[in-house]
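Protein chains in written order, with my numbering: chain A, 11 to 498; chain B, -18 to 467.
I should point out that these hints are in silico values taken from the structure, not numbers from a laboratory. You may find that some hints are simply not true.
Said to hold, decoys possible - Computed from the model, here is a short list of chain A residues facing chain B with C-beta under 7 Å:
no.: 1; residue: G56
no.: 2; residue: L58
no.: 3; residue: F92
no.: 4; residue: Y100
no.: 5; residue: D288
no.: 6; residue: L298
no.: 7; residue: D301
For glycine and all other residues, C-beta sits at the position ideal for the given N, C-alpha and C.
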Amino acid sequence: MTWETIIGLEVHTQLSTCSKIFSGAPTEYGAEPNTQADAVSIALPGVLPVLNKGAVERAIRFGLAIGAHIAPRSVFARKNYFYPDLPKGYQISQFDLPVVGMGALKIQVEPLSGSSNGPGKTYEKVVRITRAHLEEDAGKSVHGASQGMTGVDLNRAGTPLLEIVSEPDMRSAAEAVAYAKALHTLVRWIGISDGNMQEGSFRCDVNVSVRHKGEPLGTRREIKNLNSFKFMQQAIDYEVQWQIDTIESGGKIQQATVLFNPDTGETRAMRSKEEAHDYRYFPDPDLLPLDISEEWKEQMRATLPELPEARHTRYMDQYTLTAYDASMLTSSRDMADFFDTCVSVAGPANAKLAANWIIGEVSAQLNRDGLEITQCPVSPLQLSSMLIRIADNTISNSGAKEVFRTLWSEGGDADVIIEAKGLRQVSDTGAIEALVDGIIAANADKVAEYRAGKDKLFGFFVGLAMKASKGKANPGQLNEVLQKKLAG
Amino acid sequence: MLNSSLKQMSAALRAKKISSVELTNLYLGRIAAHNPVYNAYITTDAAISLAQAKAADELLAKGQAQPLTGIPVAQKDIFCAKGWRTTCGSKMLSDFIAPYDAHVIEQFNHAGAVNLGKTNMDEFAMGSSNETSYFGPVRNPWNQNSVPGGSSGGAASAVAARLCAAATGTDTGGSIRQPAALCGITGIKPTYGTVSRYGMIAFASSLDQAGPMARSAEDCALMLNVMTGFDERDSTSLPREKEDYARDLNLPLAGLRIGLPKEFFAEGLSPDVAARVEDAIAEYRKLGAVTVDISLPNSRLAVPVYYVLAPAEASSNLSRYDGVRYGYRAPEYTDLADMYEKSRAQGFGAEVKRRIMIGTYVLSHGYYDAYYLQAQKIRRLIAQDFADAFKQCDVIMGPTSPSTAFRLGEKNDDPVQMYLSDIYTIAVNLAGLPGMSVPCGFDSNGMPAGLQIIGNYFEEARMLNIAHQYQLATDWHSRSPVKETP
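Hey, can you work out the whole structure from these sequences and the hints?
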């Protein structure tokens, strides 16, 4: 019998507001401990929360981007528990009435090599998003901060988060990673989060269970706080195998929260369900219900850019790019914008050429130098001028590579580089014919052999002709002329 | 001077008959002499008070005085005041120096008033006798063996004993009105959202509302003018224009329709108080008012509903007192959980712990629907009762509290009897309506009784007008327990 993996994700994404969700304290990352903790962050007696409108706007934009229902009225609730980095003794969150209701995200699943579902072909899938709600982040406990004592840093306390909860729609680590990546792309694409995973701006909790196909859902365990896609894949792979092994050896899965240890590649339970809290949720009486008018919603809709899914479709339909190319180009809004600018300069007919260069040479160089597409030394305009010269046969592919290297390291203009380096290929038919005539005359014996049926010699003539032209002959034209003249 | 109205005091200050420093010293002297008996203040700081008085005198000299400039006002110890110890009547905050000003404190500072000190109160405003204070009970100036009421017992006692010109209080279930009634002074709790709760230490956020406690309706109007106003730091603060609550004080009462809820004159009301309230109603008839019999059928549920909702909110509001960042921390503990448990067990008094436990219980999984949700539904019904009543009358009147001041310790062993002390005031908080208490005579033991006036939303100016006209016709409000000359 085959095992089936069931995965759902809860993602906490930090919203890119300058100030906290319920106070004016700054949210910047990396400040000295407690320098960004104002009276509200510390929860002094008598302080009150005031909702940051910017956080709500980002939630609305997210909801619209996944085609979700935006609640005309949602409610903030208190989640009560004691912990030193939770200054009020409760977290303000949303419970029964979240701001964003059911929506969906279309993802392109690229099978991961060595992962649970093995290699295969890229396919499309729709993951349903149950809800997304606004809440505040907690502070940070710094264990062993000084002489066996735990320090509490409340800089992060009150940072706005959008918790995005998916349905258990994913069936493999590859699908979970594809969903997380698509979500990560989307939140940055629409500008609601910087998505910085190292700084904790995008944290994933993964619920995993296994079952035999067709049977009811198994008991799930939740892997907490994964902050890289690589760890997510490793953690899920390990967890799935652990659950299968446990059941096959006669054990039962207990509902639990587990942590992934990147050093060992293992997951380990941190608390079981029996120790679970009763959070005593109730509506926060310090905050009014959050009312979102149709008008506000439409204002937010007007601020949304063309979304990754729409661009993906457009690239395939309009430029007949492959799904793979379209996915690569829409992996970030900056990348897609770079491509769009190239196409607008070089023309739609050169879209495929632009895609090949951006996904190929440009991405490779960026990776090598550790740069983002926005930091690319070759501007879309510079790249497009070069692409035009490839398309109109002014330069060959190998010539283009040299132009690109020069643009990357020295900058400048493609046409100037082509002239300066003498990279213009010879496309003058008369000149090529003269050149070919000379070679045929000087190599009568080889010509005879070729004409007698030794086809392999064609390459030999091409080599000679290229050498004679100092590499500048247009290869296509040269082939054509050679074939004609050798045929006699 | 001690029996002068705020208006008269202000005129004397402007006329340079007395300086604010002199007036402040007068009260500080009285506090030094009498507070050991009444225990109305938890904290005084002569240096700060006199510095404020001096600054007020400068404003007066420059002719830049506002109505309360230079007037010494006592602040309930529930308001954070920068540089002042702010205890909320609790051991938990017995060493807490507030680093910021509550909105109410800011408003008094802007008005040039003098902060005379922080008044005693039931711990975290939970109590009706001021006996739950960590700093000891407050005594009633009319009889030192009686309670002043609570939770704003220190404020009521200080106003009655002439230990301040006027005071602030807060009212979650009657904490301004009940002590005002028991100490024979005037107090008003305005419409919920009228006074900002910013910097006012929370007990039950959806019910807490601050208001003035003074010797007359006119004084209350001047105090309310300072205290109210929109504050964006409190999301429940109402964005309304500032109004002058004294504007209608002198309107005649002819044709006023007074609703008398039958539930407020039923079993449980002491005959003495009933008689005094009926006398007051008779006085109003003389002033041209008519009475209408009304009913508030769900008001009998107000006390049980309140003792679900207020503890629920309190249990969460008081979670921040965990010994981690400020406030009391147990001197010895073994680990984090032990630190929490010991700090909270030692830092909170019995009544606070009782309410935290009740609140935690009613919010617990499996009980939430039966208690909290059910109580919220009834809360709406109670508000609807008032809405229906106000179709038939302009204001509602009745007793503030079922009895006059009881003896210290008398109800300590029976929390339910203590809770019933607020049986007529609690429904007003649940509905968010304005309510006030006006002195209306004395019982056979010479203890004051209070008439409660309940208005529709934002009807404070009219209520003050109604109270003021009564105070022009009677002198109950100007009777003083203070026998000695200043």
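Outcome of the hint check:
1. G56: Result: holds, 4 Å to nearest chain B Cβ.
2. L58: Status holds, d = 5 Å.
3. F92: holds (6 Å)
4. Y100: holds (5 Å)
5. D288: holds (5 Å)
6. L298: holds (6 Å)
7. D301: violated (12 Å)
In summary, the structure is inconsistent with hint 7 from the numbered list given earlier, while agreeing with all the others.
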